[in-house]
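Student: Line by line, the protein sequences give chains F and U.
Numbering-wise (the numbering used here), the first sequence opens with residue 1 and increments by one.
Numbering-wise (the numbering used here), the second sequence opens with residue 1 and increments by one.
By construction, these hints were calculated from the structure, which means they are not laboratory data.
Be careful, since some hints might not be right.
Repeated chains share a single entry, so a pair holds when one copy, or any two copies, can fit it.
To be verified - Calculated cross-link-like contacts (lysine-lysine; reagent style BS3-like; alpha-carbon spacing at most 30 Å):
(1) K171 <-> K33
(2) K77 <-> K569
(3) K471 <-> K423
(4) K171 <-> K258
(5) K33 <-> K569
(6) K423 <-> K469
(7) K423 <-> K33
(8) K258 <-> K33
(9) K77 <-> K469
(10) K171 <-> K471
(11) K569 <-> K423
(12) K569 <-> K171
2 protein chains.
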Amino acid sequence: MSETCRVTFSGDGREAVSAVVAAGSSVLEAAQKCGVAIDAPCAGNGTCGKCVVTLVSGELESERNRHLADEDYAAGKRLACVSRVAGDAEIYVPPSLAAYRNRIRVDNEPSAGARNYRELLRARGFAPNTNIQSVPVSVGEPSLDDPMADRERFLAALGGPHRVSLAALRKLPLVMREAGYAFHALVREAEGETPAIVLDVAADELTPFGIAVDIGTTSVSALLVDLANGDIMASANAGNAQICYGADIIHRIIESAKPGGAERLHRAIIDDCLVPLIGDMCAAAHIPAGAVMRASFTGNTTMMHFLAGVYADHLRREPYVPAFFELGGLRGGDLELGIHADAQLCIAPSVGSYVGGDITAGAFASAMADSEALSLFIDLGTNGEIVLGSSDYLMTCACSAGPAFEGGDIACGMRATDGAIEKCVIDAETMTPAYSVVGAEGAAPVGICGSGLIDIVAELFRCGIIDAKGKFAREGGRITTDEWGITSFTVAFADETEDGSAVYLDDADIDNFIRAKGSLFAAIRTMLEAVGAAPGDIENLFIAGGIGSGINFANAVTIGMLPDIPREKFSYIGNSSLAGAYAALISHEAAGAVDATAAQMTYLELSTYPGYMDELIAACFLPHTDASLFSPRSGA
Amino acid sequence: MSETCRVTFSGDGREAVSAVVAAGSSVLEAAQKCGVAIDAPCAGNGTCGKCVVTLVSGELESERNRHLADEDYAAGKRLACVSRVAGDAEIYVPPSLAAYRNRIRVDNEPSAGARNYRELLRARGFAPNTNIQSVPVSVGEPSLDDPMADRERFLAALGGPHRVSLAALRKLPLVMREAGYAFHALVREAEGETPAIVLDVAADELTPFGIAVDIGTTSVSALLVDLANGDIMASANAGNAQICYGADIIHRIIESAKPGGAERLHRAIIDDCLVPLIGDMCAAAHIPAGAVMRASFTGNTTMMHFLAGVYADHLRREPYVPAFFELGGLRGGDLELGIHADAQLCIAPSVGSYVGGDITAGAFASAMADSEALSLFIDLGTNGEIVLGSSDYLMTCACSAGPAFEGGDIACGMRATDGAIEKCVIDAETMTPAYSVVGAEGAAPVGICGSGLIDIVAELFRCGIIDAKGKFAREGGRITTDEWGITSFTVAFADETEDGSAVYLDDADIDNFIRAKGSLFAAIRTMLEAVGAAPGDIENLFIAGGIGSGINFANAVTIGMLPDIPREKFSYIGNSSLAGAYAALISHEAAGAVDATAAQMTYLELSTYPGYMDELIAACFLPHTDASLFSPRSGA
């Protein structure tokens, strides 16, 4: 074996690139070295089976794997993460391998949920107000007798002390003359910013724009907003480009602690995700990115660390301390976002290592602190975070639910986007499923999202196909066991799906899902106990996150994921983190209220809370070891 | 002729690069397109003869030129700027062609002049003070019971509201722990900056550093300074990388007005000059560039526009209005200088299109406004700027002297650096010159700097070799006329020089020089008249700039460049612009005093001042049409 090898990557519609790497490096490492995008949800552990490449020529040291059928292996298919370079090699990378990173979806229309953001805020007394105004200015024409510089002439006319941003200064000489010395200035007079700043100048009245961004571990969602009136000009979604360092947040934190790692994670979210996302939204709305004068970010504590490029390793080490809760005073230029260099950045504060700005913003968006009624807010993102409380108090905790509710750690899991099975009923006798799929009428399935998982597990349980421990209890038909001993239930056969691969749920998926729902339920029980409340005291139960609007609350109760309270108290509120980001974006009063929400929250550390581990063990059954917690339901 | 041609550039010690350009493009344009550095002092007009390349193969449309001898042309030598591409071609570019741009000289020792900066300031009551302090901080160790985030823990211990810079936040988690929770923070509490900002954190006491930079049209000079005590840690000089767009400021302004031009000029000074210059100084002093917490810039009005990337075309169009006089509130990150992103930038204010921050800073450094005595301050940079006044008033003007005093527009001209002939005496009978050269004892000459030019012209005139109009009046010996009709006086024969090329002065050089000295003298006369003063009222005459410390004031008077006043009133104060930049860097009070100096200045527009043109015509003789202005001098 030579000491270094040249690995060449080819793909569809782009030039081949190659990297010289040490023998023994993984194909994934070689790909990262030469900038070839390969998502690696399991962070290179060979467990998710999602990084299948094809060896075109040369050698790789690579064992067979349960994710590769014999005929696939024979055809040169390999998992990039567990295949090691043993000589020069050429490798074909299908475009689907960078699906999370490269797919940006932009719409000129806001989503159904986002359409109501402004009205919901207005009803709570928050109107668009970011202290940015378009001000008309008239100046005298310069002459040999009056050769005052443009900036000083402009400021004298504007009155009062002002700082002129570089962006505005660069335009001023031409704007002033082209507009015949009567033009407009966009001025921000924000609290704590002295003097006021001139952000932009133009011949005509100026509109300030803003972006609200929810940075999820898996996906990034954003809105482009007219700050003058709160109108949503465009919305966008993209995969979080950090997926090449793992789908799981812990893998990314580990990567970030390596030399240069914090910078790599930072650049992945900025350069490979936010800058193109913002650029695409601005292009859709026909405005330059420099017209974005304010940006609001929400996300979990780790994502906020990576956004800022801050060392995050202490988040995963006892005593689990973040580098920061709040991050004030940043400007667009600080993060090289391509927006106005002096844009104000509002970053929603975190309250703990695992309760971040997505939760403070989401709790604000739910309005749970506006009322004396007890509310339970659950964000089913890549992890599960919970807030319990009212206008009197807010208690929060994070349960290590993992990404199952977003389709992570599930072989055929996916987010609640086109092709996701979001609802399912199974015929108890024939075991034939009937499902509905997100997207156009009659669309073929691609995978299963969180709400679909809940239905399928509930139905498998109801039909006796799996037992209370989640083990398969029936045989035949759609239940098959492969040579590796993995049993699975086929939801959609290969010839019924969009991409020709069967959609199924296997032992490992069901185990992952039961652990996820168990940790969520145990956390809810523990919090209720901590505040001395019973499930029946809960007046509102808000479910937020990417689990999908198709969530069947009855099924979620059936499997012991949510407490058994009247169904009318449940509501699915979608991406509440983005709703909170929008609120902080268009109203500095709302931004202050998000901060106040964070300040009100008490963080409960579950891992050291007495009794939590017992609750967790008890909750990892269907529905629970204590069946009395759940009322009997027809068919269950 | 094909429509596009591939031009390949080779050089010593680097890979060949090529560009595809339209047929008819100049070689200079092709070089710029693929990033090959070719200085173009005359901005592509074919007049300076300094862009000689060699055609290795292929075709160029190129006329012979007086700058190329027959044998050179036959050997493939061509002027890059006036040679047009007519087919594929390979061109050799000698390294000397990017001499201005690529040569950065760094010294760990300050220059002789800079060594006194601090003491001169101290004598005037300005001590180092930039409101930046290293503050010791102790925090409690985080625990599961006290999981407050690092930033919030740190700020609570620091007391009072603070903003934590991203750079400091990125270090905080590791510094805090590595230092055992007792460490240091570098805090700036500057006026108009609320709240105070934490710039850096470290285990040990922190030292803030700063850079003072004088951006000349031709050269850039810089100092790296310990802000705590004003010590100069390193000094550096480099050519202004904008020289590829012309040595003359007007050519650069024209370039900057083309599409993308302001950005090109901006990037040339930032990326190709300031970033490497700062990097080299910091490397010499063994500090990271991020430890530079304050930067002070001086330069003419145009250079300050390009520094900021601001449209500058109105500077050359009546009524000659700059885009700005002052430029407050900028930070290191705004200009991508590679220093601390939150470094404060002090940019010396301009007072007119042709009287910039170099003059306001220089006038401050001269201390002329500290006294009631009338002083005349003359900066002989690439142009000539003059300030006349005292503590009562300051009047300023710019004379279009051109770059002759810095060696520009002179065939063998150069700055007062190693190899420059800085003094000269000519034997009236044999016409043999005796000269001294800047640099090591016995160094061979390379060219002629400003002070050398004054001596040579004065001596040529004294010896009757040239007449009062600057025309050659004697023949033979060192006086030769070439086939283009250009007559020249050889100061050093080819075999006496460093590079084997003769050092000479020709008709055109003498014309340029007489125009330069004439415009300076006319400006002085006009200003004196404007304030109702006579030459005899001048108590101090300060000469600043790159003309060289070897300036012979008697000769400068002999040729009618400076007024005929007692020699003891003259003093050469070197780079006063850099001295002013240093002052503003180490003391915010001094920075305020530079601003106050600018506010005190009245700008006199010579071009419209009655009688100036008559003065100019009268002064373009040796010494002047009115000989009574100059007392008879032995030998003259």
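Student: Please go over all the hints and tell whether each is borne out by the structure.
Tutor: Status of the hints after comparison with the structure:
Only between protomers do K171 and K33 lie at most 30 Å apart by alpha-carbon distance; the minimum there is 26 Å, versus 40 Å within a single protomer. In the homo-oligomer, the alpha carbons of K77 and K569 never lie at most 30 Å apart, since the shortest distance is 50 Å inside one protomer and 88 Å across protomers. For a Cα distance limit of 30 Å, the shortest separation of K471 from K423 inside one copy, 22 Å, qualifies, whereas the shortest one across copies, 99 Å, does not. In this homomeric assembly, K171 and K258 come within 30 Å of each other (Cα to Cα) only across copies, at 15 Å, whereas the closest approach inside a single copy is 43 Å.
With identical chains, the CA atoms of K33 and K569 are never at most 30 Å apart, being 51 Å at best within one copy and 67 Å at best between copies. Proximity of K423 and K469 under a CA criterion of 30 Å is satisfied intra-copy only: 22 Å inside one chain copy versus 98 Å between copies. Proximity of K423 and K33 under a CA criterion of 30 Å is satisfied in neither setting, with 41 Å inside one chain copy and 59 Å between copies. Proximity of K258 and K33 under a CA criterion of 30 Å is satisfied intra-copy only: 15 Å inside one chain copy versus 39 Å between copies.
Taking CA atoms no more than 30 Å apart as the test, K77 paired with K469 passes in neither setting, with 35 Å inside one copy and 87 Å between copies. For the identical chains of this complex, K171 and K471 are neighbours neither inside a copy (68 Å) nor across copies (49 Å), given an alpha-carbon limit of 30 Å. Taking the shortest alpha-carbon separations for K569 and K423, only the intra-copy value of 21 Å comes in at or below 30 Å, while the best inter-copy value is 95 Å. In this assembly of identical chains, the alpha carbons of K569 and K171 never lie at most 30 Å apart, being 55 Å within a copy and 46 Å across copies at closest.
The earlier numbered hints that this structure contradicts are 2, 5, 7, 9, 10, 12.
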